[in-house]
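**Student:** Throw the hints in and build the complete structure from the sequences for me.
Residues 11 to 279, numbered by our numbering, are exactly what the sequence shown covers, in order.
Check before you lean on any hint, since a few could be wrong.
[Said to hold, decoys possible] Computed cross-link-like contacts, SDA-like style, restricted to lysine to any residue with a CA-CA straight-line distance of at most 25 Å:
1. K222 - G270
2. K239 - F99
3. K222 - K239
4. K70 - K170
5. K106 - K239
6. K170 - S148
7. K87 - G100
8. K106 - N84
9. K64 - D46
10. K64 - S148
11. K170 - K106
12. K217 - Y133
13. K155 - S145
14. K260 - Q247
[Claimed, not checked] Computed Cβ-Cβ distance ranges for the label pairs, DEER-style:
15. D46 - E216: 18 to 24 Å
16. M83 - D272: 17 to 23 Å
17. M161 - T91: 14 to 20 Å
18. D225 - K153: 16 to 22 Å
19. E89 - D129: 20 to 26 Å
20. A120 - K64: 26 to 32 Å
21. Q219 - E123: 33 to 39 Å
22. K155 - E257: 27 to 33 Å
23. E89 - G142: 38 to 44 Å
24. K217 - D67: 16 to 22 Å
25. K153 - A120: 24 to 30 Å
26. D272 - K153: 33 to 39 Å
Since the hints were made in silico from the structure, they are not lab data. Note that CB positions come from ideal geometry on N, CA and C, so glycine has one too.
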Amino acid sequence: MKLKGLLALLLTLSMTLLTACGAQTQPTEEKTATSDVQTVRVGVSGDFYPFCYKENDQLKGFEIDLWEQLAQMNNWKLEYTVADFSGLFGMLDTGKIDTVARQTSSDNQARREKYLFSDVYLYSTYNLVVKGDSSLQSLEDFKGKKIGVVMGGDGERNLKQLNEEQNLGIEIVGYEGTPAMDSDIELGRIDGRVAPMLQTKRNIEEKGQDFKITDHIVYVEAAAYPFQKENTQLAQQVNESLQQLRESGKLQELSEQWFGMDATVDPRG
Numbered sequence: 011m012k013l014k015g016l017l018a019l020l021l022t023l024s025m026t027l028l029t030a031c032g033a034q035t036q037p038t039e040e041k042t043a044t045s046d047v048q049t050v051r052v053g054v055s056g057d058f059y060p061f062c063y064k065e066n067d068q069l070k071g072f073e074i075d076l077w078e079q080l081a082q083m084n085n086w087k088l089e090y091t092v093a094d095f096s097g098l099f100g101m102l103d104t105g106k107i108d109t110v111a112r113q114t115s116s117d118n119q120a121r122r123e124k125y126l127f128s129d130v131y132l133y134s135t136y137n138l139v140v141k142g143d144s145s146l147q148s149l150e151d152f153k154g155k156k157i158g159v160v161m162g163g164d165g166e167r168n169l170k171q172l173n174e175e176q177n178l179g180i181e182i183v184g185y186e187g188t189p190a191m192d193s194d195i196e197l198g199r200i201d202g203r204v205a206p207m208l209q210t211k212r213n214i215e216e217k218g219q220d221f222k223i224t225d226h227i228v229y230v231e232a233a234a235y236p237f238q239k240e241n242t243q244l245a246q247q248v249n250e251s252l253q254q255l256r257e258s259g260k261l262q263e264l265s266e267q268w269f270g271m272d273a274t275v276d277p278r279g
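**Tutor:** Quick look at the structure:
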C-alpha cells in the first residue's frame, strides 16, 4: 500500500510538472513569432506622383509598391509617415523614421557624410519644365527669370550651385511641393521649374498638363535610401532585397509600370 501511494504521488508530481512546462512554453513560442516581425518606419511625401502620393486617403506609387515588396521579402510591418520633403530628414535625424522613400539623391556629398545610403535603385534626369507655349529651353534662357524648386531638395542645391558658378542671374523660388509650383507656372508667377523627368513625363501624359519638358538636363540623380549611420543591419537587408528584385526583373517591372520606362539603368552609361 505504501508503494502504491508513493507511485501515485510521483505520477501526480510528474503530471503537474508537465502541465507547468507546457504553460510556460506556449507564451515563449508566441513571443518568438511576434518578435520575427520587424516594424520599419518609412517617411514619404504625399504629393510626389508617381513616386508616392495619396489617392482617396491611400498611399500609392512606385516607392510604396517597392517597399511593400521589400516588406514581404523580409517579414516587415511598415509604418508610413507623410510629410513635406524638407521635414523628412529632420524626422530621420531624431529617429522618428528609419528611412526616406522619396527619390533621394545619393550624390549629395553632405548627406553621404551624414547618412548611410543603400545601393542605388533608380536613376532620373532632372530637366527644365515650362508651359507648353514657352520658348525657353536652356538655363541661359532663364537669365532674369524665375525657376521653382522643392525646398531642401537636390534640385534647389544643384540649381543654386550652377546659378553661382555660371552667373546665370536666375531667381530661385522655393516651394513645399510640386502642385503649388505647377499652379504658379500656369498663372505666370514663375517661368519654369527643375523637375525629375520620370515624375513630370507621367504627370503630363496622364493629367493632360499643358507643360513640356525641355531637352536641357540640369543633372542626373542616382536615388538611394538613407539610414542613420548605425542602422547597418536594415541597410544591408534592403541592399540584399534590392539585388534580388534587380536579378528577378521585378525592379525593372515596377519602373516600367509607374514610369513607362526602365529607370533602373544609369543613363550616363
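**Student:** Against each hint, give a clear statement of whether it holds in the structure.
**Tutor:** Against the structure, the hints come out as follows:
no.: 1; hint: K222 - G270; in the structure: holds, 17 Å
no.: 2; hint: K239 - F99; in the structure: holds, 13 Å
no.: 3; hint: K222 - K239; in the structure: violated, 40 Å
no.: 4; hint: K70 - K170; in the structure: violated, 31 Å
no.: 5; hint: K106 - K239; in the structure: holds, 15 Å
no.: 6; hint: K170 - S148; in the structure: holds, 15 Å
no.: 7; hint: K87 - G100; in the structure: holds, 22 Å
no.: 8; hint: K106 - N84; in the structure: holds, 21 Å
no.: 9; hint: K64 - D46; in the structure: violated, 30 Å
no.: 10; hint: K64 - S148; in the structure: violated, 33 Å
no.: 11; hint: K170 - K106; in the structure: violated, 30 Å
no.: 12; hint: K217 - Y133; in the structure: holds, 23 Å
no.: 13; hint: K155 - S145; in the structure: holds, 13 Å
no.: 14; hint: K260 - Q247; in the structure: holds, 17 Å
no.: 15; hint: D46 - E216: 18 to 24 Å; in the structure: violated, 40 Å
no.: 16; hint: M83 - D272: 17 to 23 Å; in the structure: holds, 21 Å
no.: 17; hint: M161 - T91: 14 to 20 Å; in the structure: holds, 18 Å
no.: 18; hint: D225 - K153: 16 to 22 Å; in the structure: holds, 18 Å
no.: 19; hint: E89 - D129: 20 to 26 Å; in the structure: holds, 23 Å
no.: 20; hint: A120 - K64: 26 to 32 Å; in the structure: holds, 30 Å
no.: 21; hint: Q219 - E123: 33 to 39 Å; in the structure: holds, 37 Å
no.: 22; hint: K155 - E257: 27 to 33 Å; in the structure: violated, 46 Å
no.: 23; hint: E89 - G142: 38 to 44 Å; in the structure: holds, 41 Å
no.: 24; hint: K217 - D67: 16 to 22 Å; in the structure: holds, 20 Å
no.: 25; hint: K153 - A120: 24 to 30 Å; in the structure: holds, 28 Å
no.: 26; hint: D272 - K153: 33 to 39 Å; in the structure: holds, 36 Å
When each numbered hint is compared with the structure, violations occur for hints 3, 4, 9, 10, 11, 15, 22.
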